[in-house]
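Visitor: Chain by chain, the residues:
There are 2 protein chains.
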Amino acid sequence: MKEKIIELLKAKDLSGLKALLAEFNVADVSEIIDELDKEDAIIVFRLLNKDEAAEVFSRMEQDTRERLIEALTEDEIKEVVDKLFLDDAADLVEEMPANLVKKVLANTKPDKRSAINELLKYPEDSAGSIMTTEFIDLKENLTVKEAFERIRAIGKDKETIYTLYVTDMARCLIGIVTVKELVLADLDAHIKDIMEENVIKLNTLEDKEDVAKMFDKYDFLAMPVVDSEDRLVGIITVDDAMDVMQDEASEDFEIMAAVTPSDESYFDMSVVEHTKHRIVWLLVLMLSATITGSIITHYEEAFASIPILVSFIPMLMDTGGNCGSQSSTLIIRGLATGEIYPKDVFKVWFKEIRVAILVGIILAVVNGVRVAIQYGDVLLALVIGITLVLTVLISKSLGCILPLAAKKLKLDPAIMASPLITTIVDTCSILIYFNVAVALFHI
Amino acid sequence: MKEKIIELLKAKDLSGLKALLAEFNVADVSEIIDELDKEDAIIVFRLLNKDEAAEVFSRMEQDTRERLIEALTEDEIKEVVDKLFLDDAADLVEEMPANLVKKVLANTKPDKRSAINELLKYPEDSAGSIMTTEFIDLKENLTVKEAFERIRAIGKDKETIYTLYVTDMARCLIGIVTVKELVLADLDAHIKDIMEENVIKLNTLEDKEDVAKMFDKYDFLAMPVVDSEDRLVGIITVDDAMDVMQDEASEDFEIMAAVTPSDESYFDMSVVEHTKHRIVWLLVLMLSATITGSIITHYEEAFASIPILVSFIPMLMDTGGNCGSQSSTLIIRGLATGEIYPKDVFKVWFKEIRVAILVGIILAVVNGVRVAIQYGDVLLALVIGITLVLTVLISKSLGCILPLAAKKLKLDPAIMASPLITTIVDTCSILIYFNVAVALFHI
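Note that the protein sequences, when read in sequence, are chains Y and V.
Residues 5 to 447 in the working numbering are what the first sequence lists, from first letter to last.
Residues 5 to 447 in the working numbering are what the second sequence lists, from first letter to last.
Derived from the structure by calculation, the hints contain no laboratory data.
This one's a predicted model, so the numbers in the text were calculated from it and none came from an experiment.
Be a bit skeptical, because a hint or two may be false.
Any copy, or any two copies together, can satisfy a pair, since identical chains are not distinguished.
Claimed, not checked - With a straight-line Cα cutoff of 20 Å, these simulated EDC-like cross-link-like pairs (lysine to aspartate or glutamate) come out: (1) Lys347 x Asp38; (2) Lys217 x Glu255; (3) Lys14 x Asp161; (4) Lys347 x Glu277; (5) Lys149 x Asp190; (6) Lys347 x Glu27; (7) Lys221 x Glu252; (8) Lys143 x Asp172; (9) Lys143 x Glu305; (10) Lys196 x Glu27; (11) Lys184 x Glu59; (12) Lys113 x Glu201; (13) Lys87 x Asp223; (14) Lys160 x Glu78; (15) Lys149 x Asp192; (16) Lys347 x Asp272; (17) Lys221 x Asp267; (18) Lys217 x Asp243; (19) Lys351 x Asp272; (20) Lys217 x Asp251; (21) Lys14 x Asp141; (22) Lys205 x Glu27.
Isolated chain Y (complex conformation) (with noise of 0.2 Å):
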């Protein structure tokens, strides 16, 4: 596919490209202008059809739309943006530096400029930073037949027609209709009596995260926004949703891997932004399991009359992070799709330790047998026995117990992850296996 077109770029054939062009869906068509050089890209853009040319736009990646701007013509430019739905016009100018906003909003029509400024002002991660005000309101004392008149009337340019939001003289949102109920309801039937009036609503300052949820839960196409006075101000649609839905399961992705979560795609960061992403969690952990190695040095009599003892270490902290992990992805998981909240914290708990005894034992028995086979040691077979049961109920309860705490105190449960989990549970099964063994051995 782009092949074929980067053939007819070459043979300068630009009529047959447009009617290639016209063939694809527009996310193909942002997909291959990403991934042309900056005159190709141009050339390609120019031959899209208006209406397309901005659902392409708006799909493109940030710096493909910014080397677009810069190229295109004042112009093309009020063109683009006249099209663009207003909540990706509002992303555009977040995500453009100062001199290209300047070049977009001045090619803007005034109150298109004033609804975008307006969207800028909700926090981010608001449901208000997500949606969009192109909306189709209806009165309830319209007829059926009415209410599809109007929506020929405006409905062109709204993101969705599907869902129809019934308002009264205050603007405040007191009913919706669907479309499909229109189709199926009689031509003569009043709005107000097709319609529901209990409608589940997100306030402009809801979490985002949390607006992603509710999509999965009630299978809405598109949700409606209130602010603080009951009035309807805009509506989040589903696509916005998934994309929400995405991006915070990447960003928990990375957090839980120690990673600083970043907007940009992989290849778009450069190696010191990826750097400057990874380090200080290392940092920090690194000098952490530094406390691991002094308990380690404080042994240093027990491992030098029982040399075997290090290499046991390796096994112990592995299978204590291992444990520990498994239980806080569980439960970091569980918060973000509201499947466990932390009021659960002792029926999560009690669960845990159950599994880390039936595990702890398994463990053990597994690993004592083949201790005492290889070395013939049953007291050294014990000594790792106790020490990796009690490495699991420990770093099975703080795996469960930290993601929980942190979601009550309003913190990202993400970071209770692996790598976190990790280092503290090392330094505690250390510190267990070296007193058992002192205890037992007599050293």
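Place chain V on chain Y using the hints.
Guide: Just chain V now, kept in the frame of chain Y:
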């Protein structure tokens, strides 16, 4: 909300309860029923109106559904199953124990029963397994007015009416048209003149993970599914794609934490089931970690003459593991979101190596200075520094190459996450450490 319902249940105020339930969204009602005990659950379920009951039913947890099926009369089951969407009915049958499946199918109309059986034939995880066969198809020679009549006639029981599928005589998909386009079009226009002919469609055997990715990319509300002869056999709606997306992310989180993934929710799984899902990987990793232990045994002389060497083992192991899991997590997530492909292996590796050099030098300098000051031993600082740089290089290389290799080999890249990488990197870092120490200290 739940409290109010329990209050009304206690007061036996069933008409008050019925009125209250009518105000709630089906998703909320199903959540409440999930939490009630068996008898209350049945009372509440029986108070729902017929249309809502099926929707509530399809959203409940599996064990609640089983309890209900056990308790409901044959006529009640008939009513619920009759109103269930086909994909939900197929899910129900698939997840239910055999005796209940019998009870359900015995109360299903023959044509619906055979349709359910058709759906169940598709492989698990395929597009066919999550699609519904209830969609609206049109012929291309209809006018817009006739299309509306058809929607009105058959639309009520369809999961979505917003995308309509145009098929030819052989039931092959030749175009799609949205209700938005119909509403905005002239009533006398012909479907063939307004339909979109370049339809993006799915094959029944497509992996459902790829299906979710396509929804994320194209922002469709529904996508058509065709069989190998290009005949339209079903559609997938965005809410189901969203569920797949969430499930796939959860599955990745679990695999990456060395937990065998499960469809059941955290609290629904028993302690024994939890143990089963965690013990396998723990055993494998524990036994692998003994390799690192035996390498340490091999260098007994080294740490017998310089005991302080042992105290750096935790720090080196943790840092190696963390560096590796940073890289592997970014790559695994990139593969899952479609941002990175196996063909990018050299591009990724080149980036990771440069990041590793930067990160390694920073860590080595910070730790080297600390060691030199704390122990006044520059040679020791050098050993630690060199080991750190090499460990970071190896861990980041493995962290990016192993997931890409897994994907290439059609394995799940998520297996190559933190726990496995940590175990492998441990062995490498301990080997490097003692070799460098032996060489520099001339032990």
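Visitor: Does each hint fit the structure? Answer for all of them.
Guide: Each hint tested on the structure:
| no. | hint | in the structure |
| --- | --- | --- |
| 1 | Lys347 x Asp38 | between (46 Å within a copy, 18 Å between copies) |
| 2 | Lys217 x Glu255 | both (15 Å within a copy, 18 Å between copies) |
| 3 | Lys14 x Asp161 | neither (36 Å within a copy, 52 Å between copies) |
| 4 | Lys347 x Glu277 | neither (38 Å within a copy, 23 Å between copies) |
| 5 | Lys149 x Asp190 | both (9 Å within a copy, 15 Å between copies) |
| 6 | Lys347 x Glu27 | neither (53 Å within a copy, 27 Å between copies) |
| 7 | Lys221 x Glu252 | both (16 Å within a copy, 16 Å between copies) |
| 8 | Lys143 x Asp172 | within (7 Å within a copy, 41 Å between copies) |
| 9 | Lys143 x Glu305 | neither (84 Å within a copy, 87 Å between copies) |
| 10 | Lys196 x Glu27 | between (42 Å within a copy, 16 Å between copies) |
| 11 | Lys184 x Glu59 | between (26 Å within a copy, 17 Å between copies) |
| 12 | Lys113 x Glu201 | neither (36 Å within a copy, 35 Å between copies) |
| 13 | Lys87 x Asp223 | between (28 Å within a copy, 18 Å between copies) |
| 14 | Lys160 x Glu78 | neither (25 Å within a copy, 49 Å between copies) |
| 15 | Lys149 x Asp192 | both (6 Å within a copy, 17 Å between copies) |
| 16 | Lys347 x Asp272 | between (41 Å within a copy, 17 Å between copies) |
| 17 | Lys221 x Asp267 | between (26 Å within a copy, 17 Å between copies) |
| 18 | Lys217 x Asp243 | both (13 Å within a copy, 12 Å between copies) |
| 19 | Lys351 x Asp272 | between (44 Å within a copy, 12 Å between copies) |
| 20 | Lys217 x Asp251 | both (13 Å within a copy, 13 Å between copies) |
| 21 | Lys14 x Asp141 | neither (49 Å within a copy, 42 Å between copies) |
| 22 | Lys205 x Glu27 | between (38 Å within a copy, 14 Å between copies) |
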